[in-house]
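*Asks:* Fit chain B to the known structure of chain A by using the hints.
There are 2 protein chains.
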Amino acid sequence: MDTVSDKVSVGVVTPLRAHFDQPLTLRSGAVLDAYDLVYETYGTLNAARSNAVLVCHALSGSHHVAGRYASEPETVGWWDNIVGPGKPLDTERFFIVGVNNLGGCHGSTGPSSPNAATGKPWGADFPVVTVIDWVHAQARLADRLGIDRWAAVIGGSLGGMQALRWTITYPQRIRNAIVIAAAPKLSAQNIAFNDVARQAILTDPDFHGGHYYEHGVVPTRGLRLARMLGHITYLSDDVMASKFGRMLREGNLKFGFDVEFEIESYLRHQGDKFAGYFDANTYLLMTKALDYFDPAREKDGNLSATMGLAEARFLIISFTTDWRFAPERSREIVSALLDNHLDVSYAEIDCPHGHDSFLMEDPHYHGIIRGYMENIKP
Amino acid sequence: MDTVSDKVSVGVVTPLRAHFDQPLTLRSGAVLDAYDLVYETYGTLNAARSNAVLVCHALSGSHHVAGRYASEPETVGWWDNIVGPGKPLDTERFFIVGVNNLGGCHGSTGPSSPNAATGKPWGADFPVVTVIDWVHAQARLADRLGIDRWAAVIGGSLGGMQALRWTITYPQRIRNAIVIAAAPKLSAQNIAFNDVARQAILTDPDFHGGHYYEHGVVPTRGLRLARMLGHITYLSDDVMASKFGRMLREGNLKFGFDVEFEIESYLRHQGDKFAGYFDANTYLLMTKALDYFDPAREKDGNLSATMGLAEARFLIISFTTDWRFAPERSREIVSALLDNHLDVSYAEIDCPHGHDSFLMEDPHYHGIIRGYMENIKP
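Here the protein sequences come in this chain order: A and B. Take the first sequence: its position 223, counting from 1, is numbered 223 in our numbering, and each next residue is one higher. Take the second sequence: its position 345, counting from 1, is numbered 345 in our numbering, and each next residue is one higher.
Hints are not guaranteed to be accurate.
Copies of the same chain are indistinguishable here, so a pair counts whether it falls within one copy or spans any two.
With a straight-line Cα cutoff of 27 Å, these simulated BS3-like cross-link-like pairs (lysine-lysine) come out [unchecked claim]:
id : residue 1 : residue 2
1  : LYS299    : LYS243
2  : LYS120    : LYS254
3  : LYS273    : LYS299
4  : LYS120    : LYS243
5  : LYS273    : LYS243
6  : LYS377    : LYS243
7  : LYS254    : LYS273
8  : LYS377    : LYS299
9  : LYS299    : LYS120
10 : LYS120    : LYS377
11 : LYS254    : LYS243
12 : LYS377    : LYS254
13 : LYS377    : LYS273
14 : LYS254    : LYS299
Keep in mind the hints are simulated off the structure, nothing from the lab.
With the rest of the complex left out, here is chain A (with noise of 0.2 Å):
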């Protein structure tokens, strides 16, 4: 990651808790009866309050979005690239949220938070969360902090999804969308690329069907497997081929099982350093949360009766190179909008990056966001 200079960055940042007690009814039927969120933000929500943009995060995301902690002046926000004074989300302009979902493991109230129930980590019996649910707890953030309306929701992946469905489930109370290398609902492919991860992680010994705090262990195992497994898919074929190709770590063959190719090595790392922060039991519900994700279920797959729903405008951006939600389930989503008559842009980037193009810094893509926002009126 590029270190930031103060100069073009929010700076030092504080991340703040908001504590809900109002139970909070999931998809699933469970009920949670308590819970925090931890957020961020940067820039000044105006007198109107009607400045406020809430930036949804994807799989592996926080709320940390910009700047630094002073406590860690090494490590920025993961989309700081794109939030920050004179940035495409201007924080000049632009009051931005960031917000830890439910069941995440940054701060958030999650599977390795206490269960008031029990005093012990929830770990696998917190209840599954879907996008609607996260979509409610931010409404209710948003509450909170007297917005009443979003002049933006914007993420990528994941983080698009939950922008989607804002436009659907608050149209009022959302003006903008901008969807980023999302899908309507995910493949089989995708789906099946899920489970190969989840059951990594479930049939890892350590995992402990679960509960591995209780037994000071971490399935690192699995969640290093999926971790690998999950970088395959964010990248495309061609920058591997540009970025590692068959190179050799050492430059020769050496017949056996030990690193051996540049790639291998780049993935195994991958792997290691998330295996070493992450949560796996949020890994799993963030995965499941994406393999649920099909809001047209709910009008018996027709997605363009779920988008009459909406009342937004809407940016929606894919890149060419993403095999994983390629240019054609953005293009679904386009389609569905178009049939309602609602107000779209669509760019389609040429970015080598593939699914992880969203977080790159490519001029093309960042212009496009920046000409969007400037013309949404504060």
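*Replies:* Frame of chain A; chain B shown alone:
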């Protein structure tokens, strides 16, 4: 698998075993002092010994290419749809040989065979084998059978790589090479998938550093994950969508981690089945042989220079929906052959089954092989 009627099948077959005492020096430098190859033959070798066809197997195949065993009448060979009387590889004209490769787990010497030096199974001490090693071993089997020159060597995927290797290593011993759904070398993405599969096995606590035989266990979890992941890459996105889509196993969402979508059920079943009979050390070796395959490496990466060593006629076949070894990869081979003015036919088959298409009974695909074989003088 379809059941087989004796009318169109080679019928009941019996595997044969050949023992070799002459040491074999492998590509890695390791030496196998002695080894067995298990093989099957179908049809009759003609007096001129000029009608022999070698069928090479891929990752999980074996010598049992066609027909059935008296003891297992329900299980037909893995390529029974193509090998038999009147079939594209016509046993009334050709003498077909299937052989289990070194390192395999179907009878030929491999990790589960006893190591003469210790009296225990080889396990992780079995040397890493590569495609050229298999070709050398197959050449010795040809010597034993009195076959100076194959009428054809044929295979799909890793089997196609063996056919290609034959044309370079023993140009005068092969008249025709049929290379199906293959590539001249693996891409970074291909290697990445293989490495995730290997890591699943290597990090399974039941793997015991490859010496699980002595512990009376099998790394089932790892092998199951490897196979689940493999299956995703064998199928096309489209065929997964049409066969499984987002169909739910029991019609309703369950908000848990048991099987929910049909695709999960299918993959887990495939994984369980495979883990019940295949050897994990063999799986590791086979994926390494795939990764290492890169004959152009010997000519500084110049595939045209490499194929300049060949004298055979070629039939190259790819499948439009195969994203594991896409048609582009086959065209690289075709191009290198054309650079050398070699006799090459190329067919790109529009078949929905992805990489697995090479095992399917597609009329266009089989018609092309039939036509090519009919033009070979036995």
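*Asks:* Could you run down the list of hints and mark each one as holding or not?
*Replies:* Here is how each hint holds up against the structure:
1. LYS299 / LYS243: between (44 Å within a copy, 23 Å between copies)
2. LYS120 / LYS254: between (48 Å within a copy, 25 Å between copies)
3. LYS273 / LYS299: neither (42 Å within a copy, 38 Å between copies)
4. LYS120 / LYS243: neither (45 Å within a copy, 43 Å between copies)
5. LYS273 / LYS243: within (20 Å within a copy, 37 Å between copies)
6. LYS377 / LYS243: The answer is neither: 41 Å in one copy and 47 Å across copies each exceed 27 Å.
7. LYS254 / LYS273: Intra 25 Å, inter 32 Å, cutoff 27 Å: intra-copy only.
8. LYS377 / LYS299: Neither. Shortest intra-copy (33 Å) and inter-copy (62 Å) distances fail the 27 Å Cα cut-off.
9. LYS299 / LYS120: For LYS299 and LYS120, the Cα distance exceeds 27 Å both inside one copy (40 Å) and across copies (63 Å).
10. LYS120 / LYS377: neither (47 Å within a copy, 76 Å between copies)
11. LYS254 / LYS243: within (21 Å within a copy, 41 Å between copies)
12. LYS377 / LYS254: neither (61 Å within a copy, 43 Å between copies)
13. LYS377 / LYS273: neither (41 Å within a copy, 59 Å between copies)
14. LYS254 / LYS299: between (57 Å within a copy, 19 Å between copies)
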